[in-house]
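Undergrad: Residue numbers (our numbering), protein chains in the order written: chain A, 1 to 346; chain B, 347 to 603; chain C, 604 to 881.
Keep in mind the hints are simulated off the structure, nothing from the lab.
Where hints are given, some of them may not hold.
With the C-beta cut set under 7 Å, the calculated list includes, among others, these residues of chain A facing chain B [what the hints assert, rightly or not]:
1. 54
2. 74
3. 75
4. 80
5. 81
6. 83
7. 85
8. 87
9. 89
10. 91
11. 100
12. 101
13. 104
Some chain C residues judged to face chain B by a derived CB distance under 10 Å, without partners named [said to hold, decoys possible]:
14. 607
15. 611
16. 684
17. 700
18. 701
19. 718
20. 728
21. 731
22. 837
Even glycine gets a Cβ: it sits at the ideal position worked out from N, Cα and C.
What follows is the residue order along each chain.
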Amino acid sequence: MSDKIVKGLNITKEFNGVPVVKNIDFWVKKNQFLTILGPSGCGKTTTLRMIAGFETPTSGQLFFEGKEITNVPPYMRQINTVFQKYALFPHMNIYENIAFGLRIKKTSEKDVATKVAKMLELVNLSGFEKRSVNSLSGGQQQRIAIARALVNEPKVLLLDEPLGALDLKLRKEMQIELKNMQKELGITFVYVTHDQEEALTMSDKIIIMNQGEIQQIGSPTDIYNEPENAFVADFIGESNIFTGTMLEDFRVKFCDREFVCVDKGFERNEMVDVVVRPEDVRLVPKSEGLLTGVVKSVVFKGVHYEMLVTENDREWMVHSTTMEREGTEVGLLMTPDDIHIMCKEG
Amino acid sequence: MVGKWLKRLYTILMFGFLYAPIAVLAIFSFNDSKSTAKWGGFTFDWYKSLFQNDLIMRSLYYTILVAIIASAISTLIGTFAAFGLYYMKPLKQKVLLNVNSLPILNPDIVTGISLMTLFVALNIKLGLITMILAHVTFCIPYVVLSVLPKFKQMPSEMLEAAMDLGATPWYAFRKVIYPEIKPGIITGALIAFTLSIDDFVISFFNTGSGVSNLSIAIYSMARRGIKPEINALSTLMFITVLILLLILNKRTKIEEI
Amino acid sequence: MIKRLASGPYLFWLIMFIIVPLLMVFGYSIVQTDSSGNLSVSFSNFARAFDPIYITVLGRSLKIALEATAICLLMGYPMAMILAKMNVKYRTFAVMMFVVPMWMNFLLRTYAWMTILGKNGVLNGILSFFGLPQVQFLYSEGAVLLGMVYNFLPFMVLPIYTVLMKMDSSLIEAAEDLGGNKVTVFSKVILPLSIPGVLSGVSMVFMPAVSTFVISNLLYGGQYMLIGNLIEQQYLVVNDWNFGSAVAMILMALILISMAVMNKVGGDNPEDRGTGLW
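Taking the hints into account, I'd like the entire structure generated from these sequences.
TA: Okay, here's the thing in structure tokens:
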């Protein structure tokens with residue numbers, strides 16, 4: 001119990017009567033890197049803003065170290081935020097930006113100087129004290145925003161899509177840096193993103209949200225390998241999703257054919273979603289496949305080829321290191337444990 | 347080549363048109379004759395009698411007094427209004443901004459008589475107070491319109507970022523928001539001040555006996571015909587405006603660099 | 604909470620000093636007092652405004668305001684273009700010199716023309732110097748028109764200048780590159796793109812011109828009745844506030860409607876208006 005630093009109970013948030021977050025429960029453990037992942041408009045940012053204190057839940061309770069903070073204003077929470085667009089104060093130089101929180105706490109000028117210097121070193125921007133905000137690149141501004149938040153020694157750091165505005169290469173670098181920082185400093189991170197790859201590489205735990213509801217909570221491996229529903233499967237990596245019928249335990253019918261699978265415990269003839277990951281489908285000569293189709297398009301993706309195969313009127317996405325020509329008739333093959341069965345949504 | 351000379355000629359004609367009347371006033375302010383048709387020798391007499399003219403001196407005092415008070419009040423109210431408007435729901439903001447633009451779009455005479463109607467109905471004696479109230483009314487919208495864009499230009503989440511770092515809302519306003527919107531506030535205050543100094547129509551309907559600003563004084567004097575003191579006054583005002591603008595221009599240039 | 608508190612005084616002010624007074628004027632305009640002092644709701648004030656005498660006044664106001672606007676546009680557009688194309692070295696100064704007269708008191712600017720046009724004025728002085736007969740320039744419709752053009756010309760030039768300055772020069776280059784000669788480039792690119800500036804200039808000239816009573820009072824004398832004079836007289840001389848209010852409502856409707864129409868036509872952003880001043 002005590003290691004749950006932030007906890008939300010039955011949290012609902014409505015804007016003008018429209019629910020954006022619907023009765024969710026969640027918790028963040030101390031020193032955890034938690035990511036809230038979901039498409040835009042899923043309520044992830046609103047959830048983060050409630051933890052920060054910028055929004056008050058319409059109903060439900062928020063706890064911080066066991067104490068209720070539902071109605072505590074943001075400036076009285078030991079939580080700091082790194083904003084999506086950095087929100088650095090343009091009329092202050094870098095030093096004053098980082099010192100902002102310390103000055104409110106009436107820190108002595110000597111301590112301010114030491115702490116700011118330490119922070120700048122942490123984010124590899126020593127010597128930038130006198131620079132103006134506008135003279136910095138996006139990546140540098142991002143680091144300053146992180147330094148400005150961390151200098152207050154928050155117990156929880158909230159990050160709202162902090163890498164969204166950076167280019168791909170910089171984003172990859174920052175992902176690693178952020179993760180290292182979190183480990184070194186031992187601070188709890190709550191990270192919001194819509195980038196599933198980012199979530200999978202950085203997080204200890206992921207909360208997947210859609211339309212204001214939590215779809216799944218779990219470790220990156222759990223979520224990737226055992227998505228709880230078709231939404232999660234589709235959102236985490238690309239997937240082929242088909243509607244099927246569970247004939248009996250270990251036997252499912254989809255794409256007009258019966259397959260053997262490893263799932264059980266469904267009702268007889270229950271409608272289910274069947275998920276097959278593109279990398280789990282093998283292209284074999286026509287006669288050896290469980291299904292047959294025609295290669296419709298081929299795109300080279302660097303490490304693999306992405307092919308679309310038309311099977312009857314359905315489309316399959318297949319990832320493979322070997323290429324088949326467009327128009328080739330092929331067989332599709334998958335093993336029973338490549339076939340994931342999940343309950344229909346709703 | 348011809349085009350270039352045509353342009354120069356046109357520019358000269360236009361500036362001539364703009365400045366000829368002012369030049370005429372300036373020249374005749376030194377004319378030792380009441381007539382503007384002939385030159386009767388050089389004199390400073392009109393300047394002397396201008397400074398001895400009780401009506402004009404009193405009006406000058408009231409003009410400046412009203413302008414200072416009205417621009418101060420309207421800047422204060424307008425700045426906080428812009429702050430409130432910025433965080434308001436879009437629909438409510440839109441409605442208020444439409445009402446805000448009424449005194450700007452409405453002819454001055456309509457604003458003037460409507461305020462007069464109000465003051466008479468409330469049984470407030472027309473005079474200094476009503477004039478200040480009227481000036482504040484037509485200044486506020488301009489202050490709002492010059493401060494609000496500064497809020498909109500402000501990087502988003504400024505207020506939240508400050509509060510996140512432990513600042514109370516008031517501290518955040520002083521340390522983060524105020525420095526960002528300061529140029530807008532100064533512009534707004536300057537607009538309010540100039541509008542107030544320059545106003546005639548609204549003041550005309552909302553002032554009472556004994557209290558008049560320069561515009562009203564000039565109007566009542568001009569209606570009775572040509573007064574050489576007014577020529578002297580115009581010349582002084584022109585020089586003041588010119589110097590002020592030159593200073594302002596210098597200052598903005600330095601800031602640009 | 605604080606956000607709401609901040610706009611409190613403003614809300615009060617809007618309601619108390621903008622909405623309520625306008626409603627009161629509206630109230631006056633639809634009320635009539637009969638001989639025994641009883642009040643009744645009636646549209647007779649509006650009906651009276653359509654009396655031929657007052658229709659003439661309204662027509663005259665519209666005509667002279669439109670004339671002033673057209674002259675300002677014809678004189679101002681070329682000036683705005685010249686200013687916009689001027690060498691940067693002189694431009695700031697030239698624009699400033701254009702603004703200076705605008706900062707002079709409006710009454711003084713109008714008064715200046717009294718000195719020039721008057722019976723013993725400068726123009727007549729020049730005429731008599733050459734032995735020519737005296738002419739009555741002042742107290743004519745032309746004098747009023749001149750006064751309007753003189754007073755409001757900068758309001759036409761500045762918005763057009765601002766739009767022309769903001770115009771992306773690569774658009775003009777593109778048009779030239781595509782083979783447009785000077786006339787085509789102007790009529791197909793520059794002019795259409797400057798329409799927002801023209802519209803805001805037009806409204807900034809037309810609006811004060813149609814509602815003025817100062818210019819007509821000073822440069823024409825008491826008899827020349829524009830709609831502004833009519834309102835002023837009803838309020839301050841005749842003391843018939845009901846009729847004065849009705850005329851004021853008509854003027855207000857006229858202006859708000861023409862503004863709305865112009866905004867529709869131009870898709871013009873009111874915040875752009877007059878930015879050239881600062």
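Undergrad: Decide, hint by hint, whether the structure agrees.
TA: Results for each hint:
1. 54: holds (5 Å)
2. 74: holds (4 Å)
3. 75: holds (5 Å)
4. 80: holds (6 Å)
5. 81: holds (5 Å)
6. 83: holds (5 Å)
7. 85: holds (6 Å)
8. 87: Since chain B brings a Cβ to about 4 Å from residue 87 of chain A, closer than 7 Å, the hint holds.
9. 89: holds (6 Å)
10. 91: holds (4 Å)
11. 100: holds (5 Å)
12. 101: Holds, because the Cβ-Cβ distance from residue 101 of chain A to chain B comes to roughly 4 Å (cut-off 7 Å).
13. 104: holds (4 Å)
14. 607: holds (7 Å)
15. 611: Result: holds, 8 Å to nearest chain B Cβ.
16. 684: holds (9 Å)
17. 700: Given a least distance of 7 Å, the restraint on residue 700 of chain C holds.
18. 701: Holds: closest Cβ of chain B sits about 7 Å from residue 701 of chain C, inside 10 Å.
19. 718: Nearest chain B Cβ about 5 Å off; hint holds.
20. 728: holds (4 Å)
21. 731: It holds, given that the least Cβ distance between residue 731 of chain C and chain B is near 7 Å, below 10 Å.
22. 837: With a closest approach of 9 Å, the residue 837 of chain C hint holds.
Of the numbered hints listed earlier, not one is contradicted by the structure.
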